[in-house]
Amino acid sequence: MPFHSLKDVSSGLQAGTFSSEEISADYLRQIEASNPELNAFITVTADAALIDARSADASRAAGTAGPLTGVPMAHKDIFCTSDVRTSCGSRMLDNFAPPYNATVVSKLAAAGMVSLGKTNMDEFAMGSSNETSFYGPVRNPWNTDCIPGGSSGGSAAAVAAGMIPAATGTDTGGSIRQPAALCGISGLKPTYGRVSRLGMVAFASSLDQGGPMARSAEDCALMLTAMAGFDPLDSTSTQRPDEDFTRNLEQPLQGLRVGVPGEYMNADLEPELASAMQQALTEYEKLGATLVDISLPHTELSVPAYYVIAPAEASTNLSRFDGVRYGHRCENPTDLHDLYTRSRDEGFGAEVKRRILVGTYALSAGYYDAYYRKAQQLRRLIQQDFIGAFEHVDVIIGPTTPHPAWKLGAKSDDPVAMYLEDLFTLSVNLAGLPGMSIPAGFSDGLPVGLQLIGNYFDEARLLNVAHRYQQVTDWHLRTPTSTGGEQ
Amino acid sequence: MQWETVIGLEIHVQLATQSKIFSGAATRFGAAPNSQACAIDLAMPGMLPVLNTEAVRCAVLFGLGIDAEIAKRSVFDRKNYFYPDLPKGYQISQLDFPIVGRGSVQVQLPDGSEKEIGVTRAHLEEDAGKSLHEDYHGMSGIDLNRAGTPLLEIVSEPDIRNAEEAVAYLRTIHSIITYLGVSDGNMAEGSMRCDVNISLRPRGEEKLGTRTEIKNVNSFRFVEKAIAVEVARQMDILEDGGSIVQETRLYDAERNETRSMRSKEVANDYRYFPEPDLLPIEIDDAYIDALREKLPELPRQKRERFCSQYQLSAYDASVLSDSRTIADYFEAVCDACNDPKLAANWVQGELLAQLNRTESDIADSPVPASELGVLITRIADNTISGKIAKQVFESMWNGEGGVDQIIEAQGLKQVSDSGELEAMVDTVISASPDQVQQYLAADEGKRKKLLGYFVGQIMKASKGQANPKMVNELLHSKLV
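Chains as they are written, first to last, in this note's numbering: chain A, 1 to 487; chain B, 1 to 480.
Okay, chain B solo, but in the shape it has when bound:
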């Protein structure tokens, strides 16, 4: 049978607020255990939550970023369950009245096509703490630093049909939240985590199949792999005439498999009810409009502008607009050199390669955009060749100075003096009588290839600094 995969994602995004959603404790990553947990986070008797309005601002910004309905009135609920890292015995979340309603995003697939993925809702909630089961001599430790960290849970429609689309959607959400600055999007630190709902149905069938939910997948790659193995698992069962059990599963990256979690945790009755310690969030049009006005250009708009303004290919525009900092860097390079095509090549080529190799962030790049602009200008004005430019870039990366400084210090300036070049050409021609004979005997097609030999010899003699265009012209005029 032909099967169709149906996927929906629930993405938990940690909002980039200074303090927690209901307390004044800090939210910095990596602090010593329980050093960022105050009496409210510890659920001491008589403590009450106070909403951090910055979390509301982040949620509304996100909603505007995906063209969603913003609820003028949204309500917090208690989700009740006992767990040691959940101090109150309930999580404050939003059930029936989320702050962000129906919206959608356009995702770009690897083949260049676009697809719309619906977002059902996004709601505010607090994170739980962490239970630590190692290093405590058979006991468990509890770190409540993360308890009360603001989260936005973004729930997609079941519009996703394969792992590729899931990753594209995840990347789109990631770039939207980082563009808006509502989250740092750092997946390694858990700032963005994802639950994947997967079901299969016979192709053409309307009714959804029984789904499983894979909890807490925390990288793009793992999402892709988890979907692949879970789809295969479900398909095996269905092909054998079996049926899928609705359950929560875990993805084990080491074994590359999904495993059932204890069914007990699935059977929880959370006894949701409106949180009486907090008033509903009421926001008005003026508040929404003020945020809408401050909305930055979003990835998709930027991608389209890069195509039209700089005549970039869809692919280049997409790579360069994926992250706001890279896009800003690229545009700064363009401003400095006025050559968008070369700027695009250099940012995507040398720069991103170096950043990936050194696992560093563009914000920490030792080569500022203005200097990369200068470098490109030096190629365009024939001061150096493209090949020498790579050498200069390398030196800049290593902190050896600015473009002109390095060219000067290392004597990399291109030789464009016609007298000097003519002498070099003459020397090479007279030292290569056989090659000259071959060249003159050859037809137009072969001549091109043979010419390369002379160019190479001259470049070698000039340590790469000869102006290649002038060398070509000289050779053409001499080899007749």
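Chain A extracted, bound-state conformation:
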């Protein structure tokens, strides 16, 4: 089966080349073929998908179809889907099917997209390798000995392997951008507040943001247009008029000021990755952009700040998983304390427990000022770095990660080494900015990602900057089979 972009599928449906039922069935077959090896999906909802596909075809026949009507997609298993298991990659929610849809799920369904299932992820989105999932690790389609990145590794691998044209992801510290980079696809983390968090199982409330993962910037723009928007049921959602994020895609980049942060470019980058970055910057200069050296001096501090704030919020967000109302409950609890401790001990994996412990510690009496309050101060400094930079530049460009995908298990025993892989992505969440990763070359035969960071609510420009690059490069068109990674 050929690799389709979301745009290709949309055009094919509009032209009548295939029906939604046909293309959905094709993708379901592809999932069936690839999933045993890649483990990208936790749940496949084939029957429901084909019903939805037929109703999409009916609405196309009735003339009420939009650009996304009938286009297959998948949801990261962190988004609540009515009557469909929403596990969050955890044993804790292995038995949980919510009676409601996340706002994002409702919006994409309203736009006509057909969900084929739920993708694998690090447990409760805590991880950079997808190895913490209760359902086992996802494998990178470019090299199945490697991790796909995380936590939206299932979505990234599924898109990269052509199991689905597009998928949702969530990004708390890089969980869309890092797996997008490591799997060679495009992924966008919108400005905090742009996409509703209602029905998205919370990891760190002040950092979590849902976004699209697809084959190109244009695909991301199409999907974001349907996903984003003010939600009165999410108090942190921003009240702004809806936008068409495809509107600026074709704008020329003449005069664009591109900020190049020394802290990113001079970091300990994999050499091939570093040269891919240089090549991308050259490409932008050819497109008419001006490169401006900038400094984001507090970049390094984003790791300690993030690894206090995110676990702190997570430690209390995950308190609701207590075995009382839903989710995993231990057998025959002897009393309340036993019910709590055994249900949580059995329900949560090691990384989740580690972060709950770290977060609980950081919020404890006597430590709050030294950790949580200090981390919040760092957060403001990091935010100030960006606000200062955006006075001089329109977009910031650098690597998404310092290295390409690593081998499964290579960093499993060293959580700090794993945390350091997030160095370039964390600060974007701490500042609440939109960030994107697009394919920009290879290192050791594995894809590497170019990160684009925009000003608040400047997603349309970010997508434009990414799209123009993709018009003059073909990294985003490469597939694992065409490059000889995985046969």
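Where hints are given, some of them may not hold.
[To be verified] Cross-link-like lysine to any residue pairs, in silico, SDA-like; alpha carbons within 25 angstroms at most:
| hint | chain 1 | residue 1 | chain 2 | residue 2 |
| --- | --- | --- | --- | --- |
| 1 | A | 374 | B | 269 |
| 2 | B | 79 | A | 339 |
| 3 | B | 390 | B | 452 |
| 4 | B | 448 | B | 429 |
| 5 | B | 72 | A | 373 |
| 6 | B | 207 | B | 197 |
| 7 | B | 79 | A | 376 |
| 8 | A | 353 | B | 83 |
| 9 | B | 79 | A | 337 |
Derived by calculation from the structure, the hints in this document are not laboratory data.
Because the structure is a prediction, the values reported are computed rather than measured.
Using the hints, position chain B against chain A.
This is chain B only, laid out in the frame that chain A set:
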């Protein structure tokens, strides 16, 4: 040693909103278990709180009602602890930036004097659900109907010195919240509950002693009793040279004692931090001013006005202004009869007695204020006597009709016809020669007492309907 008691109260007031503070579920009392708990109240994954602005309005109104500082920006925090009736594993509350800052209330003490009690702060928070330990065959049930009900926690300064002041303060807060309509103040249903902090110190000592906190006392009477027994307990310990353990205690009304709660619950580290799912509450002057303009007359202002406008005693004014509905009723009676003194007597006397006896609310009184006004008018215009009026009131209470209807139907109209009365007086005088002799022989002081006999006889003969003033005049003129 002479000891001084120091008391501070934390009052939890349930706000009278239609729906919960962070969800759309209803807050009605007494619904079937878990019938008023939605996905947000159940803390289902991915659910988010949305602030009910009506709760903010109630909190700001209360703040204005006690002349407090209103915070332009206040912040919600998470208070973390595990309990089955706390679905999220944290309570959303306000720690460092409460919506209502420093204020104060003037309370009236039983001896008529006033005292100012400081209010440290008042903050918004959500209530927890209820754990039910009976009827579940050794298991526990959980009812989440109350989970997420909006509460205002009002924290007083340690300005209270005895149980009497504590109750007076509690009553003042109760009347302020009900006047403002921010709560129904129904203590039996838990709409107002109170934690009492008590410590003792040697009289004259500045430094506060070690305190204990008595949790969840839910009536004025229990507050009074709990303070009495806890003060006695602490004093015994201190007099014996012991020291007080800082702890949370429970008041057991049946045994009239306070008991220590498990110390484990006291040692909780709540790991407070700002609630990331909610933005800070931002309010501006225009919002505050609009509410200030709509502020109703408050109990203390009303009490003062009743004294000056109706010439009521401080005591009468205080009783009549205690509740807004009673005050409104009283004023409606005044409007209808133009006799504030009689109106005050009747509302405080017959009406409140009947309401207490039947445990009913003034809103449900079978005697409307307008009819009580008519009744008082009929006394003033001599249609009936005060004594007959009580009979008429009783009949009205029993739903037998309006004032004039009952007077007519039962033939209760006062006899004021001088011819008819003269005949009655003559009959009684001629039937009582001995008493007439005694009367005529008596001095001025004794005559008054003897006259009562004749009046009584005439009233008896007239079935109470003789105009007492005219009877008196006739007797005076005949008995010479």
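Index of numbered hints that the structure contradicts, given in increasing order: Checked against the structure, no hint fails, so every one of them is satisfied.
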